[in-house]
Each structure stands twice: as structure tokens, then as C-alpha cells.
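J.: Heads up: the protein sequence lines correspond to chains A and B, in order.
Mapping to numbering that gives the first Met the number 0: the first sequence position 47 is 46, numbers consecutive.
Mapping to numbering that gives the first Met the number 0: the second sequence position 244 is 243, numbers consecutive.
Don't take every hint at face value.
Which copy is meant is left open, because identical chains are indistinguishable; a pair holds if it fits in one copy or across any two.
Unchecked claim - DSS-like, lysine-lysine: derived pairs with alpha carbons at most 30 Å apart: (1) LYS10 with LYS314; (2) LYS204 with LYS194; (3) LYS307 with LYS63; (4) LYS310 with LYS194; (5) LYS188 with LYS14; (6) LYS204 with LYS216.
Just so you know, these hints were derived from the structure itself, not from any lab.
Number of protein chains: 2
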Amino acid sequence: MTLDEILEEIKNAEKIVILTHESPDGDAIGGSLAMKLMVEQLGKKADVIIPEYPRMFQFLPSAKEIKIESEMEGNYDLTISVDCANFKRLAKNEYFENAKKTIVIDHHGSNNMYGDLNYVNPVSPACCEILASMAEYFKINISKEIGTCLMTGIITDTGGFRYMGITPDTFEYTAQLLRLGVDIPDIYKRTMGTKTKANFALTKKVIERMELLEDGKVAFSYISTQDELEANAEPGDHEGLVNIGKDIEGVLVSIFIRQKEEEEAYKVSLRSEDGINVSDICLLFGGGGHARAAGALIQGNVQQVKEKLMKEIKKWME
Amino acid sequence: MTLDEILEEIKNAEKIVILTHESPDGDAIGGSLAMKLMVEQLGKKADVIIPEYPRMFQFLPSAKEIKIESEMEGNYDLTISVDCANFKRLAKNEYFENAKKTIVIDHHGSNNMYGDLNYVNPVSPACCEILASMAEYFKINISKEIGTCLMTGIITDTGGFRYMGITPDTFEYTAQLLRLGVDIPDIYKRTMGTKTKANFALTKKVIERMELLEDGKVAFSYISTQDELEANAEPGDHEGLVNIGKDIEGVLVSIFIRQKEEEEAYKVSLRSEDGINVSDICLLFGGGGHARAAGALIQGNVQQVKEKLMKEIKKWME
Chain A
0 MTLDEILEEI KNAEKIVILT HESPDGDAIG GSLAMKLMVE QLGKKADVII PEYPRMFQFL
60 PSAKEIKIES EMEGNYDLTI SVDCANFKRL AKNEYFENAK KTIVIDHHGS NNMYGDLNYV
120 NPVSPACCEI LASMAEYFKI NISKEIGTCL MTGIITDTGG FRYMGITPDT FEYTAQLLRL
180 GVDIPDIYKR TMGTKTKANF ALTKKVIERM ELLEDGKVAF SYISTQDELE ANAEPGDHEG
240 LVNIGKDIEG VLVSIFIRQK EEEEAYKVSL RSEDGINVSD ICLLFGGGGH ARAAGALIQG
300 NVQQVKEKLM KEIKKWME
Chain B
0 MTLDEILEEI KNAEKIVILT HESPDGDAIG GSLAMKLMVE QLGKKADVII PEYPRMFQFL
60 PSAKEIKIES EMEGNYDLTI SVDCANFKRL AKNEYFENAK KTIVIDHHGS NNMYGDLNYV
120 NPVSPACCEI LASMAEYFKI NISKEIGTCL MTGIITDTGG FRYMGITPDT FEYTAQLLRL
180 GVDIPDIYKR TMGTKTKANF ALTKKVIERM ELLEDGKVAF SYISTQDELE ANAEPGDHEG
240 LVNIGKDIEG VLVSIFIRQK EEEEAYKVSL RSEDGINVSD ICLLFGGGGH ARAAGALIQG
300 NVQQVKEKLM KEIKKWME
């Protein structure tokens with residue numbers, strides 16, 4: 000069983016590092032920190048390397064121990080990738096490439112099993128829910144700290160308990176953590192219920208520019224590097240912007256694009272309703288994700304990127 | 000025990016009506032319809048009278064049986080008020096006044112016990128959670144239909160499982176209903192995750208007009224009757240607008256005011272963080288509600304209403 004092998008590798012390793020995907024979200028960060036705390040309960044130490052750590056997740060236990068680069072000499076014995084579908088998206092993947100052994104723990108359907116050991120469950124609504132069951136299997140005591148990290152992933156990746164794919168287990172597990180003293184309303188408020196002033200300014204832009212295309216079935220909006228500069232945006236301040244279009248009545252696909260630094264290229268986020276697989280659309284552009292939430296990087300200006308995407312989306316609409 | 004007396008009254012009554020508060024929300028409507036279905040399982044019939052029924056709740060079981068006025072001759076034997084803090088806020092309260100017997104089921108801390116029998120639990124995060132425990136006590140079989148109505152109240156009144164006051168029971172109960180086949184993501188999407196085109200247009204106005212006062216601790220915005228006309232707004236299309244200000248980082252009190260028809264008067268909605276009791280503030284203006292979510296009707300134009308409110312809110316800020 001893969002889980003036994005994973006436990007064995009953790010127990011055998013001396014130098015462990017935990018990595019996750021670029022533009023890390025709550026599931027990536029909560030999962031990485033939970034993994035670190037779990038490894039510690041197994042009597043080992045682990046570095047967590049996350050280059051762009053959003054301010055909104057500073058409240059998490061062990062957040063201060065996050066590193067931007069390894070401070071260690073030589074290579075790691077074991078690298079654990081949390082919540083990342085492929086090697087290319089993995090931030091600081093040189094520490095994965097050069098490790099003696101690699102483990103991938105993920106819930107993306109598009110995961111291409113790039114680790115030596117791969118524990119991937121695409122049915123799980125959050126990578127943190129996989130880690131919860133893993134903790135149980137490893138007989139790790141779920142502390143309030145581990146619970147807080149796991150709950151952060153579950154809350155953010157289910158959009159606050161709202162997406163399809165959520166299970167009775169998710170709610171029962173949440174009840175358990177609430178009994179343990181994990182402050183769920185606080186986590187919700189910090190991760191999903193708070194707009195930074197910069198996020199509010201960007202929201203205003205996104206709403207002003209919102210276009211409804213294809214008879215209201217497609218929503219499109221964007222932000223530029225200039226917008227982010229003017230809003231004093233930090234990493235994470237664009238969170239949730241993609242949902243603004245998705246939540247409009249009648250919209251089946253929401254496109255939100257965000258300029259990549261100074262380049263003429265846009266980070267694309269697609270969200271969809273049942274029936275339109277945006278992961279397949281993003282794969283065409285070298286990206287990926289879930290059937291209803293996926294991303295890619297596309298070259299061009301706003302108009303060009305919009306046209307490239309609309310051409311593919313229209314095929315699904317027929 | 001009040002619950003036994005309530006059961007007795009339902010069993011003895013022939014003509015039953017269920018009422019709820021003006022501007023009914025998900026808890027008011029879900030609760031009223033669940034109560035009707037529960038009464039039916041006890042072998043009785045009941046009318047539900049809700050004058051302004053929002054389109055977004057049309058999907059609920061029995062929604063088609065909602066009445067705007069009584070079609071019955073004479074008075075009711077028994078009137079059940081669901082989710083309403085006082086007689087004045089009760090829509091169509093003449094059917095309460097003229098009933099032989101009255102029951103009040105509610106979770107508002109400001110409830111003034113205006114029924115013959117009052118079953119009020121201010122600790123419950125939703126009136127529908129009270130009804131759930133009541134159904135259990137009455138040994139009523141929770142059907143998928145009843146579960147859908149109850150879940151609608153729980154989801155909407157907890158802001159989608161996010162507010163303080165949510166309990167492990169809420170999550171365990173949600174897990175149970177999900178196992179019964181209640182489509183929680185669908186209810187969430189319909190009630191909390193969908194903006195009608197009119198709501199989107201009003202959101203745009205609210206964001207454009209958002210003022211941050213008192214060093215960013217108070218958010219203020221408004222919509223006029225004219226805005227609602229231009230947006231083709233229907234009942235319910237203003238839902239969620241009050242939360243836009245509340246969710247901005249650093250905001251302790253969010254004020255959202257909405258013009259009352261053609262009058263120079265505004266329906267005020269206040270939301271607050273821990274420590275500021277907006278129910279007490281609204282009571283000063285003849286309104287009420289919960290400590291962190293309350294409402295009132297105040298005479299005046301936008302500027303005057305804002306000043307009246309700010310005067311009271313500033314006292315709490317000191």
C-alpha cells in the first residue's frame with residue numbers, strides 16, 4: 000500500500016522538504032504546513048519552501064517557519080510535493096529534481112504521477128482532506144494546529160463548503176475539528192470573508208470591465224500589472240476575482256485573466272458549470288487543473304487572449 | 000415542556016397558517032415551508048402566507064403552494080410565526096392577531112415572546128436548526144424535501160457555514176442531510192452563489208459608492224429606489240449587498256441602506272464584528288435583530304440617515 004511506503008520513506012529520511020504549486024492557495028499552504036507538523040509528530044523535521052507566501056495566510060501555525068530558499072547544504076533525502084498536478088507547476092522544483100526520493104500527494108485529476116510514490120485521489124474535494132485521512136492512517140494525533148492548517152485547505156478549496164464534490168465526510172470531519180477547538184469562523188473570515196483594500200480595488204476593476212458574451216453564458220474580465228501596482232496588491236490579493244463572473248446568473252464559463260508581470264502574457268483562470276471541462280481547455284494551452292476550475296498561461300494582449308480562449312470555449316458550447 | 004404543548008396545539012387545530020417576517024430571507028422561507036411539510040406529516044394541512052416571495056427561492060419544495068393572502072373563510076385556529084422577532088415585523092400579522100392560538104418559533108435574541116407559546120433559542124445559528132431538533136422531538140421523518148427547506152435556512156443564515164455561532168451539530172446535521180440526498184452545492188449555488196443580473200448591477204452601484212469612515216472601521220453604501228428600477232430588481236435582488244462592506248479588511252461595522260419605495264426613508268442593515276452590538280443600535284430606531292446583524296427603518300435622505308447612524312455607532316467605537 001502506497002501509504003505504508005510513504006510512512007517508511009518519511010521515517011528513513013533525514014533531510015525532508017515540502018513543496019507546493021506556484022501562486023499557492025489555501026489548500027497548497029494549509030496542506031504544506033499540516034504535512035510539516037505531521038512529519039514532526041513522526042519524529043522528523045522538514046523545511047517548507049514557498050517563494051510567494053500570501054499575507055492572508057500569515058495567521059497559520061508555523062507560517063513563520065516557511066522558507067523562500069533552502070538554507071541547507073546539499074540535497075534533500077526526500078521531497079514531498081503537496082497539491083501540485085505536475086512538475087512544471089511545482090515552485091522551486093529544483094529541490095524535487097535533486098532529491099533522492101520524491102512523494103506526490105494530490106487531488107488534481109490532471110496529476111501526471113511525477114513522483115517516485117504518488118498518492119493521488121481526484122475524488123477528494125481538497126488535498127487537505129487526503130492529508131486528514133493520511134494522518135488517521137499514520138495514527139497521528141490531530142492537534143488544534145494541524146486541524147487549523149487542514150481546515151484552511153478544506154474551506155478554501157471547497158469555496159467555503161459550496162462546491163460539488165464535497166462529501167458527508169467533509170462535514171463530519173469539520174464538526175470534529177470544531178469540537179477540537181479549531182476556530183472555523185475565524186479561518187473562514189480570514190481566508191474567504193476578508194477582502195484586503197487592494198482586493199477591493201481590484202474587485203471594482205473586474206466588475207467595471209465585466210463582459211457577458213455568448214448570450215450571457217460566458218463572463219470575461221481582466222486585470223493588468225498596472226492595476227495591481229495602483230492597488231498596492233500583494234501576492235494573494237487577486238484571490239476570488241475569478242468567482243465574480245462565475246456567480247452571475249446564467250454564466251456557464253467564467254474567464255478571468257491577469258497579466259503576468261510586465262510581459263504580454265496572461266495567467267488565465269477558468270471556472271465552469273457542469274458539462275464544460277475547463278481542464279481540457281487549459282490543457283490545450285499547456286495548463287491544467289480540475290474539470291470545473293483550471294488555469295493556463297497564454298501569450299498575447301487582452302483581446303488576443305480572449306479570442307484564443309473564446310474559440311475553444313465556443314466548441315464546447317455547440 | 001413547550002414542545003409537547005406545541006405538538007398538542009398542532010394536533011388539535013383544524014385551520015393552521017404559517018407566517019414569517021417581512022423581506023423574508025432563506026431562513027424565514029425555508030423554515031416556513033419546512034414547518035408546513037412537518038405539519039403535513041402530523042396529519043394536518045397548513046397555509047403558508049408570504050406576500051413578497053423572492054424568485055431565488057422558487058426552487059424549494061412546496062414553493063408553489065405559498066399564498067399571498069388567505070383564501071380561507073373565517074379565522075385560523077392556529078398561527079405559527081417562524082423566524083420573526085416581534086409582532087410588528089410579522090408579514091400579514093392580522094392572521095396572527097385574529098387566530099385562536101399562536102405559536103412563535105424563533106432564534107432572535109431580541110424576540111419579545113409575543114405568542115401564546117414561544118419556542119425561542121437565541122443560541123441557534125438558524126431558525127431552521129431549531130425546526131430540525133423539533134422534527135426529531137416530534138419523531139417526524141426528515142424527507143429530502145424537508146431537508147432541502149431546512150438546509151436552505153441553515154446555509155443562508157450562517158452565511159454559508161461561516162458565521163460565529165455555528166456549532167458541530169450544524170455540520171453533523173449537514174452531513175446527515177447530504178447522505179439523505181439533499182443537494183447542498185445546488186442549494187448553496189442558488190441561494191448564496193448566484194447573483195441575478197439585477198443583483199450584479201446593484202453590486203456595482205454599492206461598490207462604486209462605498210465609503211470607508213472612521214479610519215476604515217465603518218463601511219457605508221446605499222441604493223435608491225431609482226437604482227432598483229433601473230436594474231429591474233425583484234424582491235430578494237438586494238440580498239448580500241450588506242456584506243460587501245463587511246468583508247473589507249479592517250471594517251468593524253458595515254452600514255447598507257436601501258430606500259423604502261418612494262418615501263424619504265431607508266431600510267437600514269447593519270453588520271458588525273465582535274464587540275459592537277448592532278441590535279442595540281437598531282433598537283434605538285425601533286428595529287432589532289442579532290448582535291452582529293440587525294436592521295431598522297430610518298426617516299430621512301441618504302446623508303441624514305448616515306449621520307443618525309454614525310452618531311450612535313461612534314459611541315460604540317469610543
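J.: Compare the structure with each hint and give your call.
T.: Structure-based check of all given hints:
1. LYS10 with LYS314: neither (50 Å within a copy, 59 Å between copies)
2. LYS204 with LYS194: Result: close both inside a copy and across copies, 14 Å intra and 18 Å inter.
3. LYS307 with LYS63: For LYS307 and LYS63, the Cα distance exceeds 30 Å both inside one copy (41 Å) and across copies (45 Å).
4. LYS310 with LYS194: Only across copies: LYS310 and LYS194 sit 26 Å apart there, 33 Å inside one copy, limit 30 Å.
5. LYS188 with LYS14: neither (36 Å within a copy, 45 Å between copies)
6. LYS204 with LYS216: Classified as both: same-chain Cα gap 21 Å, cross-chain 23 Å, threshold 30 Å.
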